[in-house]
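Taken in sequence, the protein lines are chains A and B. Using our numbering, you'd call the opening residue of the first sequence number 1 and step up by one each time. Using our numbering, you'd call the opening residue of the second sequence number 1001 and step up by one each time.
No wet-lab data here; the hints were simulated from the structure. Hints should not be assumed to be uniformly reliable.
[Stated by the list, open to error] Partial selection, computed: residues in chain B whose CB lies under 10 Å from chain A:
| no. | residue |
| --- | --- |
| 1 | S1082 |
| 2 | Y1083 |
| 3 | Y1085 |
| 4 | F1154 |
Here the structure is a predicted model, which means the values were calculated and not measured. We treat Cβ as the ideally placed atom computed from N, Cα and C, and that holds for glycine.
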Amino acid sequence: MKKLESIEDKLIPAVFSGILILTWYFTVESGYIKEFTLPSPIGVIKALFDILPDLRVHIAVTLQEALAGFFISIALSIILAILMDNIEIARKAVYPLLIVSQTVPIIALAPLFVMWFGFGIIPKIIVVILVCFFPIVVSLLEGLSSVDRDLLNLMKSMGASRLQIFKMVKFPASMISFFSGLRIAATYSIMGAVIGEWLGGRAGLGLYMLRVKNSYAYDKMFATILIIVVLSMTVFKTISLIQYLSMPWFREMKEE
Amino acid sequence: MNTYLNNSYKLKINNIKKTFEDLLVVDDVSIYLKENEFVSLLGPSGSGKSTIFNIIAGLLKPDEGEITIDGEDFTGKTGRVSYMYQKDLLLPWKKVIDNVALPLAIKGVKKQEARERVKKYFKIFGLEGFEYKYPFQLSGGMRQRAALMRTYMFSRDIILLDEPFGGLDAMTKRNMQYWLLEVTENLKASILFITHDIEEAIFLSDRIYILSNRPAKVKEEIKINLPKPRKSEIITSIKFNEIKKQVINTL
Chain A
1 MKKLESIEDK LIPAVFSGIL ILTWYFTVES GYIKEFTLPS PIGVIKALFD
51 ILPDLRVHIA VTLQEALAGF FISIALSIIL AILMDNIEIA RKAVYPLLIV
101 SQTVPIIALA PLFVMWFGFG IIPKIIVVIL VCFFPIVVSL LEGLSSVDRD
151 LLNLMKSMGA SRLQIFKMVK FPASMISFFS GLRIAATYSI MGAVIGEWLG
201 GRAGLGLYML RVKNSYAYDK MFATILIIVV LSMTVFKTIS LIQYLSMPWF
251 REMKEE
Chain B
1001 MNTYLNNSYK LKINNIKKTF EDLLVVDDVS IYLKENEFVS LLGPSGSGKS
1051 TIFNIIAGLL KPDEGEITID GEDFTGKTGR VSYMYQKDLL LPWKKVIDNV
1101 ALPLAIKGVK KQEARERVKK YFKIFGLEGF EYKYPFQLSG GMRQRAALMR
1151 TYMFSRDIIL LDEPFGGLDA MTKRNMQYWL LEVTENLKAS ILFITHDIEE
1201 AIFLSDRIYI LSNRPAKVKE EIKINLPKPR KSEIITSIKF NEIKKQVINT
1251 L
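Chain A on its own, in the form it takes in the complex (with noise of 0.2 Å):
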């Protein structure tokens, strides 16, 4: 029965996918819409293979710009989130600062930290910062403020200190919320690093696509945008994994 379910529901979203893309296929072929507005599913594919080459050291850019803003993002998350827990004052000072952070347009800042950083790989590393650290510091934030409160006073009673209770519950109990946090966080960082470099740069997916755009060839824009969706997938599934890996105990517990 489980089994069933599951194949059900990863067959559901593949056929509604597939009818997507069949009906975007035909209003294409069938003249309705120009192709040179609207390229084909086939015509996106083919420009893919011609590209690919050329999109190596692309790719390799903006992978490195958005991890980096990634792990960056991770450490800065850490420490405040650990800051914030422990000192309530920390705490009052900085929460509403950070959701008036999420606010603010940062494709309207973006340009500004070109003017200030130059056209180098530090800009498009603070937009990534800008995007990810949010729902990391909160999930984590959220995790560690959920600790029962008995369990922490049986720790305390037993003589722990403040640091073994972080070490031994507050931190381990946190790590689902943590997790949420970071997937979304992963699949954030690959289109951050896009809109930094697409504000301006010398490489990289957003550069290249903004040249594509420039020159009217959609078919290799779309390419582009194909693959930045799969590399944000690969990043959120190796934060999947990664957790999957370290929690033994959730995943069992999930099987079962």
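Start from chain A and add chain B according to the hints.
Frame of chain A, contents of chain B only:
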């Protein structure tokens, strides 16, 4: 009371008082627990029994009064006795053996050595073969036994139990009571037990303190002169019911 007697008290609570924001919760409670004794605090829910436990465990400081363990002052000091709740509070990410060894880990014992030290107790606690399972793979009764085992690993001489079987179904609860009586025979521990279940208190205890509704005050101390080891038949005996009547009247 002479000094000789005073020394045989495992745990002594002298005239403790506790208020929370003008609300008097514990009012001049004095309780003692002797070596190998099983004593219950019986009273209505929300009567401040758990506050008394928090004070004994050192998590709360009483406004007045003191806690002595083996004649030594432990008022407001944690790390001497631990207690067990209705909730098992096992860590879901640790295997049962590591959960049980948690108090040792806190004391700085290395993982392998801690495991070695707790291993031999799995048989006594009826958890043999479940050492390397995760808590969610155990039944409710087994989880409570694991929680009790963890409490025992922390302090072997004094164990505080706060309605430990409150969350179990009636059948499991009964079985756990028989099991607890049996296991405490072997453990040589002094046990202080919180409950609002009259039969449970009489069946398990050597003595019962009946507490009043908030603020908690000792209304009466009742000695349970039922022979030990106790069997299930005892619940229907005349003596048992006489005690029960006395307890109900006091409550």
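These are the hints, each one checked on the structure:
Taking 10 Å as the C-beta contact cut-off toward chain A, the hint placing B/S1082 at the interface holds, the least distance being around 5 Å. For the restraint placing B/Y1083 at the interface with chain A, the shortest Cβ-Cβ distance is roughly 7 Å, inside the 10 Å limit, so the hint holds. Taking 10 Å as the C-beta contact cut-off toward chain A, the hint placing B/Y1085 at the interface holds, the least distance being around 6 Å. Hint status for B/F1154: holds, given a least beta-carbon distance of 5 Å to chain A, under 10 Å.
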